Structures are given as C-alpha cells and as structure tokens.
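Visitor: Using the sequences and the hints, build the whole thing.
Chains as they are written, first to last, in UniProt numbering: chain L, 1 to 502; chain D, 1 to 500; chain X, 1 to 99.
Note that these hints are calculated values from the structure, not bench results.
These numbers were taken from a predicted model, which means no experiment stands behind them.
Hints may be right or wrong, so weigh each one.
What the hints assert, rightly or not - Taking CB as the label site, the calculated pair distances span:
#1 420(D) / 148(L): 28 to 36 angstroms
#2 309(L) / 300(D): 29 to 37 angstroms
#3 70(X) / 425(L): 36 to 44 angstroms
#4 211(L) / 141(D): 38 to 46 angstroms
#5 293(L) / 294(D): 55 to 63 angstroms
#6 342(D) / 266(L): 42 to 50 angstroms
#7 86(L) / 49(X): 46 to 54 angstroms
#8 312(L) / 49(X): 24 to 32 angstroms
#9 418(L) / 70(X): 40 to 48 angstroms
#10 420(D) / 270(L): 33 to 41 angstroms
#11 301(D) / 293(L): 31 to 39 angstroms
Glycine included, every Cβ here is placed at the ideal spot set by N, Cα and C.
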Amino acid sequence: MTTTAELMDYAEVVERYDPVLGLEVHVELSTKTKMFCGCPNSFGGDPNTHVCPVCLGMPGALPVVNGTAVESAIRIGLALNCDIAQWCRFARKNYFYPDMPKNFQTSQYDEPIAFDGHLDVVLDDGEVVRVDIERAHMEEDTGKSLHVGGATGRIHGAEHSLLDYNRAGVPLIEIVTKPIAGMGERAPEVARAYVTALRDLLRAMDVSDVRMDQGSLRCDANVSLMAKGANEFGTRTETKNVNSLRSVERAVRYEMTRHAAVLADGGSIKQETRHFQEADGTTAAGRTKETAEDYRYFPEPDLVPIAPTREWVDQLRATIPEMPWQRRKRIQDDWNLTDEELRDLVNTGAVDLVAATVDAGAAQADARSWWVQYLNQAATARETELADLAITPAEVARVIALVGSGELTHKLARQVVDGVLDGEGDPDQVIEARGLKVVSDDSALLAAVDEALAAQPDVADKIRGGKVQAAGAIVGAVMKATKGQADAARVRELILERVGAA
Amino acid sequence: MSDLTRLTAAELAEKIHTGEVTAAEVTQAHLDRIAAVDGDVHAFLHVDAEGALETARAVDADLAAGRAPVSPLAGVPLALKDVLTTRGVPTTCGSKTLEGWLPPYDATVTRRLREAGVPVLGKTNMDEFAMGSSTENSAYGPTHNPWDLDRIPGGSGGGSSASLAAYEAPLAIGTDTGGSIRQPAAVTATVGVKPTYGGVSRYGLVAFSSSLDQAGPCGRTVLDAALLHEVIAGHDPMDATSIDAPVPALADAAREGARGDLNGVKVGVVRELSGDGYQGGVLRSFDAAVAQLKELGAEVVEVSCPHFGYALSAYYLIAPSECSSNLARFDAMRYGLRVADDGSHSAEEVMSLTREEGFGAEVKRRVMLGTYALSSGYYDAYYGSAQKVRTLITRDFAAAFEQVDVLVSPTTPVTPFKLGEKVDDPLAMYLNDICSIPANLAGNAAMSVPSGLSDEDGLPVGLQIMAPALADDRLYRVGAAYEAARGPVLDKLGELEAAK
Amino acid sequence: MSNISRDEVAHLAKLARMAVTPEELDTFAGQLDQILDAVAEVGEVAGDDIPPTSHAVPLTNVFRTDEVRPGLSQDAALAGAPAAEEGRFRVPRILGEQQ
Ligand SMILES: [Mg+2]
Ligand SMILES: [Zn+2]
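Guide: Okay, structure coming up:
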C-alpha cells in the first residue's frame, strides 16, 4: 500500500486522464421456463424445487433451447440496432465452480446471436450520446450459494456452503458495449444513463423484470484511464456487484479516482475483478487467481446451430415497441409539453404512468398533475419509486373520472388516493369504506344552503341584486358545513335557485 | 425350460404372444441362466430380477386379458448397458464415481423399452464411461468372452455382447461412440448396430462424446436387432440432436434380406480398411464374405475413402475433448462419490481428490488429453483440425454413397485378444476401432454381423456394413441376406460348450 | 515431438480438477506425448478451405416451447447428494470467487 492518497480529486482526474468504459450487462429473461429445460423461471421459491435432471447437470440429461428466449434475444438485438447472425451456435465455457451443475456454462462465444449495434443515450441535460454495442449473446445463469459459518455469511471464513439450483439455467442475455471513450468528466453519468436507457428499453419490451435489486439486471463496469494525449488504452479493472443505477455511477467514479491516484504515483493498475461496496461506495479487490483461467471453449455438441430465417427476424422486428426516448419525444409533441414539463415527467419517472393513465381514459393534464405532483410527493414521503407505489394508472384514471363527474371533490379524491396507497382497496372500495361520496342529495344540500344564506343575509341580498359572483362566499360556507363532501357546482346552482337569481 | 434361452427374440415373442409360454417363464429362464453362468462371464453389474419379472407379469396379464401385445417384443427380456439411466435402479457407467447412484429419471431408451413391455434383466458391464475396447476399464472387473473366458468380449459394451453370446439375454442395448457396439458384436459373433446419429434419443445416455454417442440394438440375429431398433428409435423432443423423421421399416428390410436376393444392390469394399495391421484370418474371412455377397447377386466394387486413415487420430482428439467437458459434472457436489469431506478440505480440494479417486486410468488419460486439445493455443492444431478431418471423412462417405448402396469392411482388424494383453498400451488398444470410427465421425449407420471364425485361431470375426444416414434399413437387408447365406456362427459356441 | 512436460501435465490435471499422484504425472506425461505424436497428423490433412464439422446431423433451429414441465421434487433432487442441509446441497467451504 502506498503512502500517498489512495484517491485523486475528481477534477484533477479528468484534467489529466481520459476514462474509457466498457459495460457488460447481464439480463435475466422473464420467460416462463429456463434456457434449456422446462423448469419454472421464477425468483425465489423453496430451494431446489425448480430443478430437473437437466438443470442439475445429472448424468445423461440433455439441454433443449427455449425458443422464446431466442426470440427475446433477437428482439433485444434488433432494439439495440444490432445485426442478427444468420447462423450461430452455443459453446461450452469450461470451468469448475460448485454453483454451476455441469461445470461448464452453456453460452455463446465467438458466434453471438446479435452484434454491432448501438444505443442512443440521453443525458440529464438533453445531450445524446451514442454507445456502440459489441454484442448481445445468450447464456445461462448459475445457482446460488449460501455460505455458512464465519462472521458475515460471506465466502471468506465460511465453514461450508449450501447450494440452491433454482436459478441455475435461467436464461441470460449478456450485452457488451464497445469501449466508450471521450466522455471525460461525464463518464460516470454516461454509464448510469446507458444502464438506465437499457433498463427502460428492456422494460418497454417486456422481456425482463430488470430489477437490479433482485439481480435480474446486473452490470459489470470495466474502467481504465489513459493519460491525456496517449493513444493506447490503460489497464482495466472490472467492477462487479453493482446493484443499482446510482451505484453504476459511483463505481465508475470511484475507480477513476482510484486508478488516477495509482497511476500518478507511478504505480500500475492490476487487471482484476473488483467488488463494489454499497455501504461506502468503494471497490475492493477480489481474490486473485494463481493462473489465468483457460475456459477451453468449444461448440456445444448437444445443441444444433441457430439459423434465424429472414422472415422470422422480420416478424420479430415488427414486435419491437417504440423506443422509450422516441416515445417521450412523441408524447411531448402530442401533449404539447414544454421541455420543462417533459423533464418533470421524465425525472419523476412518470412518463409511462401518465401515458397508461391517459390510456385508461383520463385527460393528459389531469393525469400529469396527479403523478408529477401529489403522487410524486407520496412516493418521496414513502421513500419509494413512483412506479412502485401501490396504485395503478387505471385506479388514478378512475379517481380522475370521479372528480370529473362531480362524485368526488379534489380534497376527497386525495383521501381516496391515500386509501388506495395504504392498501385499503381500489378507489371505489375506499370510497365505500371511508364514506367519502360527495353529498349529492339536493334536500340535504338545500338545508345547508338555506342555513348559509340565513347566516349571511347581506351576501344573499347582493346575489339577488345581480352580483352573482358573490355566491362564492355561500358556496364556501356550504362546503365547510358538508366537510367538503358536496359538489361545489351543484351547491352554486342551488344557491342561485334559492335566491331567485337563476 | 432352459431351451428358452436358446431361442431368438423373434421366436420368443411369437411363443409369448401365442400363449405357448409366459413372459414370466421366459424372463425367469434367463435369470436362471444368469445365475448359472454370470459368475464366469461377469456380463452384469446389476441384475434386477424383481423389476424384470414385474414387467413380464404385466405383459402376461395383458395378454391373458385378451389385449394385443404392446409391441412386437412385449415380454422378451433384455440386458441394458449400464450407461443408460434407469429410474431407481443403479446406474454406474462402470465407474466408481457413480457407485450406488440411483437415477431419479429414465433414459428415453429405457422408457421406450418399458412402454414396449420389454423386461430389463439388469445393467451390463462396460468400460468406465464407455472408454475402451475390452471392458477391462470397468471399475467392477472385466467381462469375459464366452468364446474363451481368458479373452476380451470387446468394449466398451462387452457386457451386452457377452450376455448375448452366453445366452443370458436374447437382446441387449449398447452404445457406440467409436465402435462400442460393433466391435464387441464382432468378437462375440453377435449382431450389433450403430444407428444413424440422431436416430435413437441420447436423453439419459450418460455422455462420453456427445457428437459421436449413439445407442443401438444388439441381438443374436439381424431380425432381432431390427425389431429392437424399431422399439427404441424415433424422434425425442428431449434430445435436440434427435432427427424428426419416420424410422425406416427395419424388420421388413431384414425379412426381405433373409430371402437371400441382393440383385440390384451395389456394395463398396473400402480399400483403406484392410492391409497392414489386419490379422490374416480376419482378411480371409472378409474376402469370403465379399464373395458370398456377390453370390447373393450384389454388385461389388472397390471404393476409396482417402481420409479414413486419419479417422482414428481425429477421433482420439474429438472424443477426449468432449469427454473432458462431459465428465466435469462428476465433482462430488450433487451426486456420486465424495471423498475427503472431513472439514479440513475445501470444495475445490474435495473435487480434485474425488475425481482422482473415482476415475480410472483410461478416463483420466482421456480427460487430460481432451483438456490439452481444447486449451487455448492448442485448439486449432488439435480439436479444430480434427473437426476438419471430420468434414473430409463425411465427404468421403458422401462420394462413396454416390457410387454404392452400402460399404463393407472388417469390423475389427483382429479377433479377441487376451485379457490384460493391451491394457498398458493405449495406442495398441485404440487400433481396435480403426474400422468402426469413420461411421461415428460422419454420423451414418453401421452394423457388425458375424462373419464366421478366423481360420487361424477359431475366434469370431465380424463383417461391418455401413449405410448412409437415415438408410439404416439397408444394413438390415444386406446383413440379413448375408446372415442367411452364411448360416449361424454362434451355434458353434453352443456346440463347443456342449462338447466340454 | 509434442514433448509434454511433467509441469504441463500437472497444469492439465489442475484445470481438470484431478489430484494426480507424482507417479501418474510421469505415466501420463509419457503416454500423452505418445498419443499426441500419433494424432498430430490431423493438422496436416485439411486446408484452410475445409470447414470444421461440430455436429454429425445437419439440423438447425431445434427449439422447445416455453412451457413448464414437471421437474424433480426437492427430495428427489437431493436424494443422491453426498450431503444436504435445509433443502440445499451441502458442500465444503468454497475458496475461489465466482467467475
Ligand atoms: Mg458471460
Ligand atoms: Zn430444469
């Protein structure tokens, strides 16, 4: 360990070095079954209950490719503007590890199904960066090990390990970028924006749950630095265990400052795997291997080649939804939003939710207002993402409709929404249970109107004298008396009727 | 009742289906024969008397109830090579590493046999993980050739071939990666067929070399093999390399051939599969067989397959490479042997110690060879080049089959050698497969049919017949014609035995 | 001559996870040498224009429909395990990192 500072100030890093990134994203497909067997592909479950001879690597068992997984892989490739291989194979990647039942991973190697694509990524200030995609290929996930004994349940110091193969064989798509260079100080932001864009895209395509917290989207960040003016890439490190979008940015930034400190001190970077530590935002070296691994790849003899026909690829191309950012642009035009209004929508993560609410029959402005304001505040208060709130766009549309028809006031509507968020049921159930219906019974309202008019005779006279706008004070009194459960428009009509001004 | 073991499968089926004998009687006769002779022959690693009798009784009950037999072989018992999984019945692959393992599932071949009402007498001995040509690489001791108990029964499926020659079973299943059905058939004077690759499902066949392995039928007659082949063949969605096409009418082809007319059939003699290294008696037997085919009306021409000479080398790179990967799963984590799990060793150490303990010398040698051939830096020179040779051999076959309907050669260059004779000389052992390997590399169909006894040592010789992929029926037509003309060979063993 | 050294054999044994004995190292070094010498001829046969054959059947696009099939119960899955605990396969402590 050197005695100099372990990290360099970020401003100095970007002054002296150009960062180069390479991002490898593993996506678990949300197919019904695993990649090579008919076991259910679902998160969790009692250990070793989603297993069969194939995914347990039992003697004699053979893989058969999940056709839907191949379709998803091709669709992802198309969405990433890749070429689709006309002919490709699976290979075996041979290495021993207890969480891998066959001790080889069935993975594509030198013949990926999709290659040479790009993804246009929009940064926070609207700048668009094109990230080139090297390849997207199919492979299978490993099982999970639980380390028992020792202090932390981690691998070091454990006394033994317990293996659950429910996840073994779950279909993965590995998406690898080409080197991303020339981003300067924005490199960490570009990394986050890329993974965000990829996540949005995959979600829109409905091919994966893309939950970083559950591991259905995992990012490995390769970082290297080259001194300004140099023309060869520096030695890279690969940081794993990056489990959130924010961590992607932090991990890249941390590695940049760490590399720079080592390089500035005359040291050299060791090519190694590092693990991101969520708690303090640092990375730590993994155990180094004594020898370089030799995976002894060779074509998987148990699986025949995949040769997608032109027609098949064209059919799949037709199923690619509008890209999220294109959709945003269209929504801005359709809804006539200012850049600022769009940014509010995007930054709160409300675009899809608003669109879905509009699809469910609400007016765009009402939907936007609910999600960007009241519900966004609710999400903040509950420390959750907008999309994870316990209310659906259809429910929001229902509330908006009830306000529109006068059955709810705005104030009541907020109470209804609170009830839904608290798990009391759908809007109609909450209204029923909490008794929040607007008082629409005219005789009950008339009593309140008469009372209010009697209490303010001068105002009543003004209205009679033709100053109709003075009715507002009486409306307010009635609303107060009915605890907001009255339809203000109807109250106004009744007042005018009563004083004979109608 | 002991005559029952002398009958062919077709004869037994007829007697069972017409009610002359019961399937249980037939099965019991074979179990009795096993009890009497298997101490000497050691064809079986595991005898499942209860399971076999249960299946037989179910067939009998069916027939007694007036139902038609579920298959042409319903009730005819069989010996199953211990490389195919059997649910709840031990499956060891001749390896210590799988001692005591009870598979939780049936191989597709096993399932088809059950569905066809074929009682499985037990699991037969084999070279460990099917690697060998003598069955001496079994962790459970060698099998002995019924023709001469001091000699090898061939391998890897020596248990299956010996069980037929010793009349312990009328039918058997083998697997053939480089000749493991045909070479044992040749040296025991029985019939063995390697079907077209993809013709019989590999699901549940414990893989040695995935792109070469193929399960197939073994019998004492060509017709018996055909009947069994029809039971086990056909598309299986559990095997991605299984061919989705109708199985040709094999038993019909055998019956047609048995009429002894090969007019219009063109037979090619492979020039490269003879000469140096071939025993004189084997070559003379082969020449006689070719003459016999001509007499039957076949047109015989010599053809050249110039790359067959490289087949052995390509095979001894491809098969070990695939096996090094296929056998990686035997790591002591999920099933099978585990040693040194005393708390002082890591998982990695337990893996290494278990594999060292659980694998025999030949398996280790091939795993090392394959690991080397696939290593970065060596891949192109070894594995990659071997796969190119495979292309050339496939082209040789294609060119030859433009000229002829079937190709013929000796099945093996020599008659069965003495146990222990070649155990320490891997290269000499590998030469046994020199004639059989090309068909595995190209994936086409091939048969070994008894071709009499060598005139110099009185030991069995096999005639190999090779046909294009999906033309397995040609093997049966030509094989049955030759068999009928030449007359039974195995009967001579019966005479020998009776004379003792 | 391919000349496989004892060290190379030791490296192969490590890659293949086999704790071979010193005697085996010697035996295998000699035998692998001999076998590799015999099979090296494959490199002299085919030109660059010859494509490799990885599969014996000319099939492509063999897929399974994405439908759940019955698998094994936890008990059946663990029945052959050398050791099991809490529904999981129990293995000795793992030293290396996941790859
Ligand atoms: Mg990968
Ligand atoms: Zn499974």
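Visitor: All hints, please: hold or fail.
Guide: Structure-based check of all given hints:
1. 420(D) / 148(L): 28 to 36 angstroms: Since residue 420(D) and residue 148(L) have Cβ atoms about 49 angstroms apart, the given range 28 to 36 angstroms is violated.
2. 309(L) / 300(D): 29 to 37 angstroms: violated (44 angstroms)
3. 70(X) / 425(L): 36 to 44 angstroms: Given about 37 angstroms between the Cβ atoms, the range holds.
4. 211(L) / 141(D): 38 to 46 angstroms: The hinted range 38 to 46 angstroms is violated for residue 211(L) and residue 141(D), with Cβ atoms some 55 angstroms apart.
5. 293(L) / 294(D): 55 to 63 angstroms: Check passed, 59 angstroms falls within 55 to 63 angstroms.
6. 342(D) / 266(L): 42 to 50 angstroms: Holds, at about 48 angstroms.
7. 86(L) / 49(X): 46 to 54 angstroms: violated (20 angstroms)
8. 312(L) / 49(X): 24 to 32 angstroms: holds (30 angstroms)
9. 418(L) / 70(X): 40 to 48 angstroms: Since the Cβ atoms of residue 418(L) and residue 70(X) sit about 45 angstroms apart, the hinted range of 40 to 48 angstroms holds.
10. 420(D) / 270(L): 33 to 41 angstroms: Hint violated: Cβ distance 54 angstroms, outside 33 to 41 angstroms.
11. 301(D) / 293(L): 31 to 39 angstroms: Between residue 301(D) and residue 293(L), where Cβ atoms are some 53 angstroms apart, the hint is violated.
In this structure, the hints that do not hold are numbers 1, 2, 4, 7, 10 and 11, in rising order.
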